[in-house]
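Peer 1: Residues per chain are reported as follows:
2 protein chains.
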Amino acid sequence: MKSAIALAMFACACTPTGYTAATPNWVNDTASVQPKFPTPIADRYRDVAAKIIATARADRGAYAKLEVLTDTIGARLAGSPALDKAIAWAAQAMKDDGLEVRTEKVMVPHWVRGEADGAITAPIARHVGVLALGGSVSTPKGGITAPVVVVHDWKELDAKAEQVKGAIVVYNVAMPAYSEETGSGYGQTVQYRGGGASQAAKRGAVAALVRSVTAKSLHTLHTGAMRYDKDQPKIPTASITIEDAELLDRLASKGTVTMRLRIETQDMPEAESANVIGEIKGSEKPDEVVVISGHIDSWDVGQGAHDDGAGIVTMMQAGKLLKQLGLKPRRTIRIVLFTNEENGLRGGKGYAAAHQAELGKTVFALESDFGGFAPRGFGIGHKDKDALGRMQTRMTDIASLLRGFGASRITPNGHGGADIEPMAPAGVPQVGLDVDGHAYFDYHHTDADTLDKVKPQDISDMVAAVAVMAYVVADMPDRVDSP
Amino acid sequence: MKSAIALAMFACACTPTGYTAATPNWVNDTASVQPKFPTPIADRYRDVAAKIIATARADRGAYAKLEVLTDTIGARLAGSPALDKAIAWAAQAMKDDGLEVRTEKVMVPHWVRGEADGAITAPIARHVGVLALGGSVSTPKGGITAPVVVVHDWKELDAKAEQVKGAIVVYNVAMPAYSEETGSGYGQTVQYRGGGASQAAKRGAVAALVRSVTAKSLHTLHTGAMRYDKDQPKIPTASITIEDAELLDRLASKGTVTMRLRIETQDMPEAESANVIGEIKGSEKPDEVVVISGHIDSWDVGQGAHDDGAGIVTMMQAGKLLKQLGLKPRRTIRIVLFTNEENGLRGGKGYAAAHQAELGKTVFALESDFGGFAPRGFGIGHKDKDALGRMQTRMTDIASLLRGFGASRITPNGHGGADIEPMAPAGVPQVGLDVDGHAYFDYHHTDADTLDKVKPQDISDMVAAVAVMAYVVADMPDRVDSP
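Chains A and B, in that order, are what the protein sequence lines are. Okay, so the first sequence: first residue is 0 according to numbering that gives the first Met the number 0, each after it adds one. Okay, so the second sequence: first residue is 0 according to numbering that gives the first Met the number 0, each after it adds one.
These are calculated hints, taken from the structure and not from any lab test. Computed from a predicted model, the values in this text were never measured in an experiment. For each residue, glycine too, the CB sits at the ideal point set by N, CA and C. Incorrect hints may have been included.
[Unchecked claim] Reference excerpt, derived from the structure (chain B facing chain A, CB under 8 Å, subset only):
1) 70
2) 123
3) 125
4) 216
5) 217
6) 218
7) 219
8) 447
9) 451
10) 475
11) 477
Could you build the full structure based on these sequences and the hints that come with them?
Peer 2: Take a look at the structure:
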């Protein structure tokens, strides 16, 4: 199962890795029990935190920014004019908010979706909606028609290796319903989206279709990234709905099923893009940096409202409000809007490479990439186990300031976010904003990832949580992970 | 509001009229409290009911039938070859089950959906999915481009009468979330789907778009019936998603919005169709008839699994199991699978007309058209108020037999089902199978109305509830509404 795990890790890079681990055991702590630990950091920042929280929670600026981003610009896949527009808009908006702004060039993949369509041709005639996975090659012009082989895991793919030759493999792997105890199960199911095409191609398949990675469907197609193994033929691959995956499964259990499949895509030359950076310079230690971030690109469906419009407007507005309140933290607060998280992670990798020399002085990197929902706290990671413990103690202390609106949980789940992960090997503390994401995977990577799914108060609360955490970490005497 | 109410009534004819009233105040009564009333009828039938219930709840034949109907035949709009196929299949299946079977010819409308597409053209360029409402005319070839006027009720349409001239009217009327207290709110919102086009045309609009009538959306398009007033120009009309209705609303609140809209449909000559009838002849009073029914047609999207595949397989299997158990009720049990409920109600109207002479001896008509969910009891109606009271007493008595699986609630909501309503003026007692329909309007009239949304046990339980009720009503000495 090693290869499957590796594939899962890749696939997860395009979405919240470890999300499953981040969400279990949530308890709503708005009841505000007294902390069972001393809170020396919180005590020192109680007044300023109260001011930040009150300002942020009453403010609707982040939602207003999200409305511009989603309604005016919309979906913004790497290489698209819309992403260029989003980058220009975000840079200008942060300038207008009084931040020091620059962009840092990154080259990104430029994959373009064309038309796609499918149909069962035997034993019945039935339309099947298909949505190419990001990076998929095209079918031959006019499409392909082939028998269908349905599998439910890698083992069954192996067992059916003979049938798979010349066939369209359908991975009908069900994502479990979200539960507070076990999370979403995204990590277990997304591996078939990431690696299904090459695993099928290895056994002679002509195409691979993946049940959309979601637990809920109203005939909903979810796209997402996949990766071709360099040693295998590249075969076209797309998602189908839960409904159609189940239909194909039922039909295939009774006899031979054939499908017609047409996918048109274009792999264009790499395009220039950029990470957008806005800063509040530190008053005493400007070379020590607190990164707060999200990713500005999205898939080319829906509006990218939850994934990850919500994340970037949260960071932008946190910066604006701290500036507006006249707060001058000792360290620099740097808002980074990463480009190309979805289908390349070039923004995150590019940032880590370009800033390698200063990563030792990057005291903290925080990302929000689980959607725009009520904040619950933070998931944290660190390459050093002892440092993680110290980080947990201090962050639990600071996060107690957020108990009033239920955002004080600290979970040492080892994870921050895909874009900040390339900084982890250098020892940069990893922090992910943790939210009530039970509905996240219903919308994520679909046409339904739209502004109407976002509650304004949730985004304001996210700003409050991030602004307090970033400010205190930037201003407190010690590093959050220091001995 | 009289016209609006009339429109709503028409629109509801294509779907569960009065559904709102049928579902409130549901309490799960599986806890099986002792009845507070005497149960002379139930007492007499307790043993046979137990046998029917045990057999039906353990049987999966109804689900197996539903699988054939949905997967092999699929969607089956009036006039389509698929509906013909469904009719032939159902007749044969009931024959195979040992019932006396015939079909009764009915002419039906034959409307055919072509392609449809939409786009916002200013102030932004954005695709808008559209799904023509049943009966809509086409746009001119090449489509129309016009400014958008968004309204939220009839009053606002009136207030914006000047702007509406030459415009595309968008009815952005939100259906409330389902609640046990207030039901679905379908009745209040579907009136805009039914009458929106003609009301807009009356004020000079060139097209009308209706927010899909659902409370939940994953960018989901819901079709359904509409009706043109004979005095108004026929303008093209379609549904759009909640997401796009909200987007258009936000954009229109800030300035001028224009859209391009293309709808292709065909209005064909009326087609021959049929109601399918299967009978168990009464042993003592064969001319007294208990009708149990659903509708065999569906919309042309999804598979028509909940609407109303679940209803017809329930009735078919109830008939089969009663026959199989060798039960010979005094009166005739007649299974009627009505054609063309969705866009014409010709099956229901045709049946009432053809059987007018015997309606006085139709002691009971029951329909299931709220989807395939756990049964909760029955909604009842009668044109005579006193008769309704007597019916309520007797049905409460009989339904106490169903308490063990939570199907014993009797609600005098005045309603049975759209297809049996044409029999109401003749005094035929109206009965609707009441189910836990909280998710019904999520799937109804969409591509998501598919077999995977139906739980086999729910359908088995529906069979149990209907078989007991039908058998007892057909066998008991008195009519269910007699003095």
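Peer 1: Of all the hints numbered above, which does this structure not satisfy? Sort the numbers upward.
Peer 2: Violated: hints 10, 11.
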